[in-house]
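Enquirer: Produce the complete structure using the sequences and hints provided.
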Amino acid sequence: MKTAPRVSSITRRKLLKASAATAALAAFPAPLIAQTKPFAGVTLHGASFQHRFFTLLQKYIPEFEDKTGMKVDLQLSALPVYNQQANLELSSGGSAYDFVNVTFTLATRWIAAGLLANLDEFTGDANLTPADWNPNDFVDGAQMPYRDAKGATYGYSWEGGAMLMGLSRMDLMEKKGLKIPKTFAELQQVCAEINGTDGVSGIVSWFLHNWNLPPYIQGFGGNIFRNPPGDVMPALNTPEAIQGIEFYANLLKSAPKGVLTYTEDQARQAMLTGRANIFIHSSAWVTPILLSDESKVKDTSRVVRSPAGPVHDYPASNSQGLGIPKNAKNQKAAWEFIKWALSPEISMRLVKEHGHSSVCRRSIITSEAYRKLNTVNGQDLGALYLEVLELPGKGENYMAYRTSKEFPIVGDVLNKAFEQVATGQLPAKDAMNAAQDQAIAALRRAGTKL
Amino acid sequence: MSESGIDGERKRFIAFALTPSLIVLFAVAVLPAIYLVVTSLTPFQLTIPGSATDFSEPFRNYGLLPGDPRFVNSLAVQAKLSVWSVLFQVLLGMLLALLLNVPSRFVEFARTFFLIPMVLPPIVVAVIWKLIYAPDISPLYYAAQALHVTLPALTSNVDFALTSIIIADTWEWLPFTFLMVLAALQTIPDEYSEAALVDGASKLQIFWYVTLPFITPILVISGMFRLIDSVKAFPLIFLLTGGGPGTVTEVTNYYAYLLAFDTNEIGYSSAVTVVMLLLVCGISLGLVWMGRRREALA
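First to last, the sequence lines map onto chains A and B. Here the first sequence stands for residues 1 to 450, numbered as in our numbering. Here the second sequence stands for residues 451 to 748, numbered as in our numbering.
Bear in mind the hints are in silico, worked out from the structure with no lab data behind them. Watch out, some of these pointers could steer you wrong.
Stated by the list, open to error - Here are the computed distance ranges between Cβ atoms for each label pair:
id	chain 1	residue 1	chain 2	residue 2	range
1	B	L486	A	G424	32 to 42 Å
2	B	D712	A	T375	32 to 42 Å
3	B	L728	A	T197	29 to 39 Å
If you're wondering where the values come from, they're calculated on a predicted model, not measured in any experiment. Yeah, the Cβ is synthetic: ideal placement off N, Cα and C, and Gly gets one too.
Expert: The structure is reproduced here in structure tokens:
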């Protein structure tokens, strides 16, 4: 009985407060709602090169904007243009971008030059990154280019590329009693024997020789540099490198005319239409023979690990990452975007809703849903992709040559040398000796101490 | 007001009127050129902080150029490309103009078709020729196959790669020389050739002694324009051969592009570009001097 009037009085006060609050909410709703969105009013500027991942991601960005209140301005350019823009922007200490694509081949030099923010500061803060985001879920091999010598992380990978071998005309091979090649020698034999049968070329490739060729050089036990990333003395004229270049040049004798200037699209098209039997390239370019609606060879195709050399089995792999420039104005907002774009949820939606399989989260690649979508004719393409993507993270990082800052110069020299060998302008030994001298001269000119 | 006062006022007015355009011209043409020269004196690389302002060895890049086999090779390739493409364009343009210099409505209509390649964006021209030279889809190769002729892969064959660029460049710019020569032909009074005809001159003699002297200055000028422009045959090389196979089609500006955009050697690339700029200026001045000398002799 004693409490009743008190309760009644508190209720009246509460009622008055509640009424006032309701009136205020009705009069000024926006600021109150905005308070629930910590990044309201922020415009996030990001840049990358054009890629299907971003085209798909753009469909989901309005959801992210609704959730956070920020606006995302994502600029997409052609790869060479983007690389120049980003190089210039980052090296001049600009703050035009809040997040950027960390291009695989440029990652090491950007990290070494201190142009990117250390993302461990974000993942290490429980207020900024919930435990279930789990940075360790990213495949280690794909993350290697985005770490510095001390192991700090400067990017998270959004795209992975793993070199696989596609065979489009198993029917022809079976007729000739040929098995899927597992070694370089078998590959050479299969290509030569199929070439010309039914108008089919033995193999197809494309013009970026410094991507296609190194697995052969490494297969024979050589490398592009003596011991990258620490020792970047070019190793182009070693007997192993000469063997590798000779082998690849011979292999391309079974390729279509003009293969030296083929683009990736031309090569893929030759496979999809069954005009070429073998294509060894990143999974995204090879697996369409089984997955694409355009493929005329779905029933006769196989996708397997690329053949091993006499010394090593080093299929190339790469990845592309998202990072935050050191001088970005909105670093926390940028991290919010990266966290969202590379979250398990968005990754899984990309796989399920668009069949985009080149994600780098292990939990997604090993999930049942992913396996179902990427198993064709009994071949688990996801398992193959993961296997190759993981390799550089296990033991020796054999892809270190590719992310060393000296690679673009040496890679360009290697391209020219290979073309000279493949077109018969020079014997392999002479071409590689000249390439070695040119690579050393060019590196010294660019300021590398050898 | 005295006459000299009027002159002075006129000069001041002209100076006042020209100043804004001179400022714009300076900003858009001269400043970038100065910046190019300044950059060429540094070891500028995008990922090396401070390299853009390092003038410790200002002539290092220029000193390295003569010992760079790719640079020397690129000059030789450029010379071959320029000489042959300009020669073809001038001769074929003249031939075409002589053939089509007849008063006919049909011919007038047909002339417009010859102008199409010149008005297409260069990258479109490159794509057209990329398709023509692609062995697996090209009508050229289908036709050759029908005639039982085996064509090599033109753009990736050492012996044909540069020729394939020259053919495409000639196709693109032949209309320019054709148009120039046709315009010159139409200014020649008929009386000269009629008089020569009455005197019993053959058609070849009329061409040699009457027509050619009239159109020679135009041939020189169009040749000079094309020579300067031939240094800019970038889209064709970029799309058709990528400078290959090896360095067979790697002209100087393509090498400069690779240095700047592929390997980030901005300073060295600038030095290559400056040398190229000086060579083009030298050739242009030489041709102008030759033209003036010829006029003076006439």
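Enquirer: Of the numbered hints stated earlier in the document, which are not met by this structure?
Expert: 3
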